[in-house]
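**Student:** Each chain, written out:
2 protein chains.
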Amino acid sequence: MASPKLVYFDIDGARGEAARLAMVIGGVPFEDDRVKFADWEGRKPGTPFGALPVLELDGQTVAQSNGINRYVGKLAGLYPSDAWQAALCDEAMDAVEEIATKLWSTMSLPAAEKKAQRESLAAGPLSYSLDRLQRRLVAHGGQYFSDGRLTVADLKVFVWIRHLRSGQLDHVPVDLPDRVAPRLVEHHDRVKAHPAVKAYYAERKVAL
Amino acid sequence: MASPKLVYFDIDGARGEAARLAMVIGGVPFEDDRVKFADWEGRKPGTPFGALPVLELDGQTVAQSNGINRYVGKLAGLYPSDAWQAALCDEAMDAVEEIATKLWSTMSLPAAEKKAQRESLAAGPLSYSLDRLQRRLVAHGGQYFSDGRLTVADLKVFVWIRHLRSGQLDHVPVDLPDRVAPRLVEHHDRVKAHPAVKAYYAERKVAL
Chain A
1 MASPKLVYFD IDGARGEAAR LAMVIGGVPF EDDRVKFADW EGRKPGTPFG
51 ALPVLELDGQ TVAQSNGINR YVGKLAGLYP SDAWQAALCD EAMDAVEEIA
101 TKLWSTMSLP AAEKKAQRES LAAGPLSYSL DRLQRRLVAH GGQYFSDGRL
151 TVADLKVFVW IRHLRSGQLD HVPVDLPDRV APRLVEHHDR VKAHPAVKAY
201 YAERKVAL
Chain B
1 MASPKLVYFD IDGARGEAAR LAMVIGGVPF EDDRVKFADW EGRKPGTPFG
51 ALPVLELDGQ TVAQSNGINR YVGKLAGLYP SDAWQAALCD EAMDAVEEIA
101 TKLWSTMSLP AAEKKAQRES LAAGPLSYSL DRLQRRLVAH GGQYFSDGRL
151 TVADLKVFVW IRHLRSGQLD HVPVDLPDRV APRLVEHHDR VKAHPAVKAY
201 YAERKVAL
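Chains as they are written, first to last, in the numbering used here: chain A, 1 to 208; chain B, 1 to 208.
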């Protein structure tokens, strides 16, 4: 089988990162096509929905980040084969996508409006979402979101918590996850300590 | 195995409807727990993310509509077993969820703002999304979104096109799908003509 090509922006986070991590952890050879922001307008019309990530394989393309996570998760052995556990894995990924989309949709707002919306989101829906995700983690044993082991859901949540704590999201308190959902921060640290994750970011020269 | 219980609002559309249709078509016995809007505030805290649908089975609960669609799709034989076809199925479902969320998020806005935002969405992102979904359908043969047969993706798109053409979304032209994505309207009619779908809505006394 040919190797898949993951097309995503040249950043070490956001919607394409969990798929990269899954293939790295699972030892799945893939082409990491990192799109520069300057090149995006030219490539955008060729994507299925004008957005990244997309995954290419044998001349075919598929879009939407969580579907890609599932596909590469199956290749990497990081997606549950049990249907119920798969649904729990999907649930956590969609919960992250839901709240992250709300936050990211403020990106291009005028400064004052961005500040107001982000502060409102942080105090309301984002805090709620973190609390609820934490409850789900705890309800399923506290270590992983489904299947009693590392799956793509854990990678998705890890990337999200890392983003929230990075200070890159202006007007969202960097200590919000630590205050609202300390078990998610422990979970983040658990994924971060995975040998393949550590080795990958060391090679990428990305501080965790 | 116990029968699953689908908990969703007492409406014949939106986020819970594709799962109902999948179980009806696949002959999967299920409890259809239809929540009245008046009862929602009381039930909301007991759901994983303060939202419906949720699916309950053997005392366990799972949330997020497309994950539920996948789970019941597997029970109903309406989800691809091939991983790539599954990713295409997921892609269409997430594409609908993405644009529907944008539209539905205007629901509680003040009248003037709702009108402005919906008109802007209809002319821009919604038209774009319909065009792109149509292209994906055509690229995969024009009949179904994946696997060369009816899957939960087709049910999700069907419910969405039906909603757009229903006139229930103020400020969104009811003829938008017909103008922008006639192949999606043909696809809608194809799903609507499915004997189990016809029989179900006849029994529900819902006009299609």
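In case anyone wonders, no lab produced these hints; they're calculated from the structure.
Be careful, since some hints might not be right.
Here are the simulated DSSO-like pairs of lysine-lysine, each with C-alpha atoms no more than 30 Å apart in a straight line [as the list claims (entries may be wrong)]:
| # | chain 1 | residue 1 | chain 2 | residue 2 |
| --- | --- | --- | --- | --- |
| 1 | B | K115 | A | K114 |
| 2 | A | K115 | A | K198 |
| 3 | A | K115 | B | K36 |
| 4 | A | K115 | B | K115 |
| 5 | B | K114 | B | K198 |
| 6 | A | K114 | B | K114 |
Stretches of chain A that chain B covers, calculated by requiring three or more beta carbons in the stretch to come under 8 Å of a beta carbon on chain B [what the hints assert, rightly or not]:
| # | segment |
| --- | --- |
| 7 | 18-24 |
| 8 | 30-42 |
| 9 | 94-108 |
| 10 | 126-139 |
| 11 | 144-155 |
Distance windows between CB atoms, simulated [to be verified]:
| # | chain 1 | residue 1 | chain 2 | residue 2 | range |
| --- | --- | --- | --- | --- | --- |
| 12 | B | P29 | A | W40 | 43 to 53 Å |
| 13 | A | K198 | B | K5 | 20 to 30 Å |
| 14 | B | P195 | A | V138 | 42 to 52 Å |
| 15 | A | V138 | B | D58 | 18 to 28 Å |
| 16 | A | E203 | B | G167 | 54 to 64 Å |
| 17 | A | E186 | B | R135 | 24 to 34 Å |
| 18 | A | H171 | B | S105 | 12 to 22 Å |
| 19 | A | I11 | B | Q168 | 31 to 41 Å |
| 20 | A | R149 | B | K5 | 41 to 51 Å |
| 21 | B | Q60 | A | G27 | 48 to 58 Å |
This structure is a prediction, so every number in the text was calculated from the model and none was measured.
Using N, Cα and C, we set each Cβ at its ideal position, and we do this for glycine too.
**Student:** Evaluate each hint against the coordinates.
**Tutor:** Comparing the hints with the structure gives:
no., hint, in the structure
1, B:K115 x A:K114, "holds (22 Å)"
2, A:K115 x A:K198, "violated (34 Å)"
3, A:K115 x B:K36, "violated (36 Å)"
4, A:K115 x B:K115, "holds (25 Å)"
5, B:K114 x B:K198, "violated (34 Å)"
6, A:K114 x B:K114, "holds (19 Å)"
7, 18-24, "violated (count 0)"
8, 30-42, "violated (count 0)"
9, 94-108, "holds (count 4)"
10, 126-139, "holds (count 5)"
11, 144-155, "violated (count 0)"
12, B:P29 x A:W40: 43 to 53 Å, "holds (48 Å)"
13, A:K198 x B:K5: 20 to 30 Å, "violated (43 Å)"
14, B:P195 x A:V138: 42 to 52 Å, "holds (45 Å)"
15, A:V138 x B:D58: 18 to 28 Å, "holds (20 Å)"
16, A:E203 x B:G167: 54 to 64 Å, "holds (56 Å)"
17, A:E186 x B:R135: 24 to 34 Å, "violated (44 Å)"
18, A:H171 x B:S105: 12 to 22 Å, "holds (20 Å)"
19, A:I11 x B:Q168: 31 to 41 Å, "holds (39 Å)"
20, A:R149 x B:K5: 41 to 51 Å, "violated (28 Å)"
21, B:Q60 x A:G27: 48 to 58 Å, "violated (32 Å)"
In this structure, the hints that do not hold are numbers 2, 3, 5, 7, 8, 11, 13, 17, 20, 21, in rising order.
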